[in-house]
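Construct the entire structure; sequences and hints are all you get.
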Amino acid sequence: LAKTTQPISMDSYEGQEVNITCSHNNIATNDYITWYQQFPSQGPRFIIQGYKTKVTNEVASLFIPADRKSSTLSLPRVSLSDTAVYYCLVGDGSSGAGSYQLTFGKGTKLSVIP
Amino acid sequence: NAGVTQTPKFRVLKTGQSMTLLCAQDMNHEYMYWYRQDPGMGLRLIHYSVGEGTTAKGEVPDGYNVSRLKKQNFLLGLESAAPSQTSVYFCASSNQAFQETQYFGPGTRLLVL
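Line order of the protein sequences matches chains A and B.
Sequential numbering from 1242 applies to the first sequence in my numbering.
Sequential numbering from -6 applies to the second sequence in my numbering.
No lab work stands behind these hints, which were simulated from the structure alone.
Possibly wrong hints are sitting among the right ones.
Said to hold, decoys possible - Straight-line Cα separation of at most 25 Å, SDA-like style, residue types lysine to any residue; simulated pairs:
id: 1; chain 1: A; residue 1: 1244; chain 2: B; residue 2: 30
id: 2; chain 1: A; residue 1: 1244; chain 2: B; residue 2: 32
id: 3; chain 1: A; residue 1: 1347; chain 2: B; residue 2: 57
id: 4; chain 1: A; residue 1: 1347; chain 2: B; residue 2: 54
id: 5; chain 1: A; residue 1: 1347; chain 2: B; residue 2: 34
id: 6; chain 1: B; residue 1: 2; chain 2: A; residue 2: 1324
id: 7; chain 1: B; residue 1: 64; chain 2: B; residue 2: 93
id: 8; chain 1: A; residue 1: 1350; chain 2: B; residue 2: 34
id: 9; chain 1: A; residue 1: 1347; chain 2: B; residue 2: 96
Unchecked claim - Here are the computed distance ranges between Cβ atoms for each label pair:
id: 10; chain 1: B; residue 1: 20; chain 2: A; residue 2: 1321; range: 28 to 34 Å
id: 11; chain 1: A; residue 1: 1296; chain 2: B; residue 2: 11; range: 41 to 47 Å
id: 12; chain 1: B; residue 1: 13; chain 2: A; residue 2: 1310; range: 40 to 46 Å
For each residue, glycine too, the CB sits at the ideal point set by N, CA and C.
Given below as structure tokens:
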């Protein structure tokens, strides 16, 4: 399984850009990198997904270097409502018998301060 | 379009009791998953299904059984509940493989005394 490593927690002031980096040294060739957001007492919610270089949507940007051993989620101008846990996921990517693991890890708890 | 729903929202069991958690999705998704979330542990995959009539073990399957008799439903069973199974259980579904966007339910909080 491709495991991920993220910071346990981060603090940021409102209006700042927040960058959360995830390490995934054992990422497989056909694995995508996906980020989820989870608010307290709710299920995780998809934010963004990418394979290489840069992906941007209305919520965030995802930067992936050429070696794909890490990725950075960028949240522009965070607000109090962005306070949540952010998970970086890398799929096993295997097909066939049994290899459909998708490891969530412990995530990064982002606290946005007024 | 309700997305993914879970029943019940909260349940208290005594050790040794059994129960079934129901997950339903109305998006016609092929893949469905059961996760558990414990404090400080993130989400861990219990069982999953890649289609109606199929199930497979995830990372932490012991003590749980699942069934996918209908495409829209995925049931998680605890035959003999233990305090170690106190957790929040999330169901999710996706259109195709794991790496497709997973849509999560609101969770079921289970307390085993």
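These are the hints, each one checked on the structure:
Distance hint between residue 1244 of chain A and residue 30 of chain B is fulfilled; the C-alpha atoms sit about 17 Å from each other, no more than 25 Å. Annotation: proposed proximity of residue 1244 of chain A to residue 32 of chain B holds, straight-line Cα distance about 19 Å (limit 25 Å). Distance check on the hinted pair: residue 1347 of chain A and residue 57 of chain B sit about 22 Å apart at the alpha-carbon level, within 25 Å; holds. Among the hinted pairs, residue 1347 of chain A with residue 54 of chain B is consistent with the structure: their alpha-carbon atoms are about 19 Å apart, no more than 25 Å.
Between residue 1347 of chain A and residue 34 of chain B the CA atoms are separated by roughly 5 Å; this keeps the pair inside 25 Å, and the hint holds. Taking the CA atoms of residue 2 of chain B and residue 1324 of chain A, the gap is about 24 Å. The hint holds against a cut of 25 Å. Of the supplied pair hints, the one linking residue 64 of chain B and residue 93 of chain B holds, its CA atoms being roughly 18 Å apart against a limit of 25 Å. Of the pairs offered as hints, the one joining residue 1350 of chain A and residue 34 of chain B holds, with about 12 Å between alpha carbons and a cut-off of 25 Å not exceeded.
With a C-alpha separation of about 19 Å, the suggested pair residue 1347 of chain A and residue 96 of chain B falls inside the 25 Å cut-off, and the hint holds. Checked against the hint of 28 to 34 Å, the C-beta distance between residue 20 of chain B and residue 1321 of chain A comes to roughly 31 Å, which is consistent with it. The hinted range of 41 to 47 Å is satisfied by residue 1296 of chain A and residue 11 of chain B, whose Cβ atoms lie roughly 45 Å apart. Judged by the Cβ atoms, the range 40 to 46 Å given for residue 13 of chain B and residue 1310 of chain A holds: they are separated by roughly 42 Å.
The structure fails none of the hints (numbered hints given earlier).
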